[in-house]
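Just so you know, the sequences run in chain order A and B. Taking the working numbering, the leading residue of the first sequence gets 1, the next gets one more, and so forth. Taking the working numbering, the leading residue of the second sequence gets 1, the next gets one more, and so forth.
Hints are not guaranteed to be accurate.
As the list claims (entries may be wrong) - Stretches of chain A that chain B covers, calculated by requiring three or more beta carbons in the stretch to come under 8 Å of a beta carbon on chain B:
1) 189-198
2) 247-257
Stated by the list, open to error - Listed below are several chain A residues computed to face chain B (Cβ distance under 8 Å; list not exhaustive):
3) Pro243
4) Ala244
5) Ala260
What the hints assert, rightly or not - Label-pair restraints from in silico Cβ distances:
6) Ile405(A) / Ala68(B): 54 to 64 Å
7) Leu449(A) / Gly408(B): 51 to 61 Å
8) Gly379(A) / Glu283(B): 22 to 32 Å
9) Glu206(A) / Ala30(B): 39 to 49 Å
10) Ala306(A) / Ala261(B): 28 to 38 Å
11) Gly350(A) / Pro409(B): 46 to 56 Å
12) Asn145(B) / Glu206(A): 56 to 66 Å
13) Gln330(B) / Pro373(A): 52 to 62 Å
14) Ala68(B) / Pro399(A): 44 to 54 Å
15) Pro373(A) / Ala30(B): 54 to 64 Å
16) Gln330(B) / Glu206(A): 53 to 63 Å
Simulated from the structure, these hints should not be mistaken for laboratory data. All figures in this text were calculated on a predicted structure; none of them were measured in a lab. We treat Cβ as the ideally placed atom computed from N, Cα and C, and that holds for glycine.
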Amino acid sequence: MADWYTNFANSGFGTTITKQLGLPRPVELRRYEPGQPLLPGPVVVGSAGAGRLRDTVTAVLRDAGVTVQSPVTADGATGGEKLGAVILDASGLTTPADLASAHDFLAPAIKRLRASGRVLVLADPPADATTPAQAAARQAVDGLVRSIGKELLDGSTANAVFVPEGAEASLAAPLRFFLSGRSAYVDGQLLTVSPADVPANLDEDEPLAGAVAVVTGAARGIGAAIAEVMARDGAHVVAVDVPAAGDALARVADEIGGTALQLDITAADAPQRLVEHLRERHGGVDVVVHNAGITRDKLLVNMDAARWNTVMAVNLQAQLDITQALLDADGVLRDGARVVCVSSQSGIAGNRGQTNYAASKAGVIGMVRAWAPEFAARGATINAVAPGFIVTEMTAKMPFGTREIGSRINSLQQGGLPVDVAETIAWLSQPASAGVNGQTVRVCGQSMLGA
Amino acid sequence: MAENAKPVTRRAAIVGGNRIPFARSGTAYARASNQDMLTATLDGLVARFGLQGESVGEVAAGAVLKHARDFNLTREAVLGSQLAPTTPAYDVQQACGTGLEAAVLVANKIALGQIESGIAGGVDTTSDAPLAVGDDLRRVLISLNSAKTVQDRLKALARIRPGMIVPEIPRNAEPRTGLAMGDHAAITAAEWEIGREEQDELAARSHQRMAAAYDRGFFDDLVTPFLGLARDNNLRPDSSVEKLAKLSPVFGTGEGATMTAGNSTPLTDGASAVLLASDEWAEAKGLPVLAHLVDAQTAAVDYVHGGEGLLMAPVYAVPVMLARNGLTLQDFDFYEIHEAFASTVLATMKAWEDAAFCKEKLGLDAPLGSIDRAKLNVNGSSLAAGHPFAATGGRIVASLAKMLHETGPGKRGLISVCAAGGQGVVAILES
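Make a model of the complete structure from these sequences and hints.
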């Protein structure tokens, strides 16, 4: 699935050329496959601060059968097996001086990291700090992790999870995600979890077993990949797309053993029709993925009202209307439901010619943040995923130069695949992700845009 | 009534349907075969109802125009579909009545408890129609095939004459009269004095109503696009009596000719399928019951020597079915009278209103009476959608079942489909 340049850069001749010219050297990323171990190598876990999260980390690694090496042996000089991941528990930082131990631990450990390795830093949220020095120390993690992400080679990623007091149980699912191949293209992200009653996934191989999942825009591209991954993870997928895309939609539904629902989500009665369909056919819904989206690019000064209005209607208003209808319909949105909204890098960084699209996608980020408390009250969550440069039929039509530059200006030096977005959404949809709420997770390989 | 009462059985439920948009002959589906279209239609139905890998009780479907290689068309389509390969299938053929007759067959097996679920369908292509060689050439080729020696083969080949190399193209004509169906309909139209304007009105209304139904999303869960077509390409949303009035007659002769290309159905390609089941099966699968198939009746008329119109058989079938069910013609919320030709629908209704006809031909004391036009073909019919012969019945059954379901429980609908060979199939659905 690698692109032409990745193939070239990893060929014998290409390796020589790219190294000598200092060109990007993308590698094929470690991506999740069912039955795959959580990590391809051992882990070292270090602390900088009180280390309040060690127990959670140890439990997750033990359950996943990951070998934990002592950081004492990780001085880099002794060689040994290359590491699958380096985890720094930086909870309990009080002053910037505490970060010296972070440096002491990370520098030799990262030197031993294998390809597609993981660096994960766990810390307290800066906003909860009680003194300026504490806030400074916690915020420093931000710059540290993002810089590590940019220094790592060979498909390795660096991410951070901020864990407030009392939210320790919420860490397990993000921890598994960031270590696993599911997060292949998620890099340089800072996720904040919140306290929640966190149910365990009944089955880690099929975390969505028994769930009914709606995916809009499922006929092709990223939506089809989301439907596939959801079905692989055990969900019954109700694949939704406009009637005109019904033949492709039926093929997706037939391939994954789901059902096809032809529906124009911008129609006035669409929310009610979806609610009725879910009630009648499935008695309710567990997961809703608002993926349907369109672009109608033009510079703002040249943009007519139709371009503005249709993009807003599909990308933002339909998400609002359908979510509200599900919240209002008694018993349809099941307790512990998960809503995942697809935003975009453009919604974070802005993009020339995409005022309408970027506005709609930024709106999605505001929407999930505002709705999070109401969802939390019903044991549910609502989050957004913001894809960066994802290789689809749509990007294949871009001019060569734009496409090549777009796909290289990130820490992983390659475009992501639809499955990378799908894996992130499927993770947010898991029962065990109850402590991730109101967040926007970028799937962009640590893109330089809007970072 | 008591003696004629039906034995107590269960009623088969109509769960839903699927069809591909219908395409005028030689257009979007010009290169699609019957098997392609039927398979795609089944797969769309499977996707709608989550039947991947399921073995349903049976699939009954058929085509009117069939290649010799399609002797097992429905079974082959099932094997190429997402249904389990253990799903039995058989072909049905009753001309334009095929689709409805297939639904009746499946429903009856469900009613008798022989199967719990089944799919009824139909497909036709006039674009990919079979060509046959003439009988003379066919006989030569058969003897060539059975010849044992080179000498015999050469002898057989020597019998071929240039005049034999002309394919026989299937025609939309009655074998016993040599008349096209439209010519037959024109005779009936003249007999019943069906005017040009009322035919054009019926045709325009059919287009307008079907376009409106598409616009409000009525067909969202009844149609799945195929080969780039998302709506029937015969549909003219802007059709009007004024526009239709400009067309010249194509059937009938002289002053009295009223039937045009606008108020007659064109040759069309397409396929449809309907999912039927017992209530229990539907409930276990979490699938809806839109309506039940209450009863059905077929009839045939002697259009060759008996002086009855070719397409008038439904006129005879309906009163028999009404009597058996203790109903009058007015006891329905919707009427679906297949628009083979606008004049056929109008002649059918006129016959039911005609006291003399009802007494002499139907043996009734009083005429069946008129039906409320507001309840007739409310979402358009064949004049708008087109009419791929065997696919029309499935289109009507699924659409009517959905209309009844939307209107509420206890609503009743009447289906009337005329067919070549002087036959007719009618049925009652109830929500």
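These are the hints, each one checked on the structure:
no.: 1; hint: 189-198; verdict: violated (count 0)
no.: 2; hint: 247-257; verdict: holds (count 7)
no.: 3; hint: Pro243; verdict: holds, 5 Å
no.: 4; hint: Ala244; verdict: holds, 4 Å
no.: 5; hint: Ala260; verdict: holds, 4 Å
no.: 6; hint: Ile405(A) / Ala68(B): 54 to 64 Å; verdict: holds, 59 Å
no.: 7; hint: Leu449(A) / Gly408(B): 51 to 61 Å; verdict: holds, 54 Å
no.: 8; hint: Gly379(A) / Glu283(B): 22 to 32 Å; verdict: holds, 30 Å
no.: 9; hint: Glu206(A) / Ala30(B): 39 to 49 Å; verdict: holds, 45 Å
no.: 10; hint: Ala306(A) / Ala261(B): 28 to 38 Å; verdict: holds, 36 Å
no.: 11; hint: Gly350(A) / Pro409(B): 46 to 56 Å; verdict: holds, 54 Å
no.: 12; hint: Asn145(B) / Glu206(A): 56 to 66 Å; verdict: holds, 58 Å
no.: 13; hint: Gln330(B) / Pro373(A): 52 to 62 Å; verdict: holds, 58 Å
no.: 14; hint: Ala68(B) / Pro399(A): 44 to 54 Å; verdict: holds, 52 Å
no.: 15; hint: Pro373(A) / Ala30(B): 54 to 64 Å; verdict: holds, 58 Å
no.: 16; hint: Gln330(B) / Glu206(A): 53 to 63 Å; verdict: holds, 56 Å
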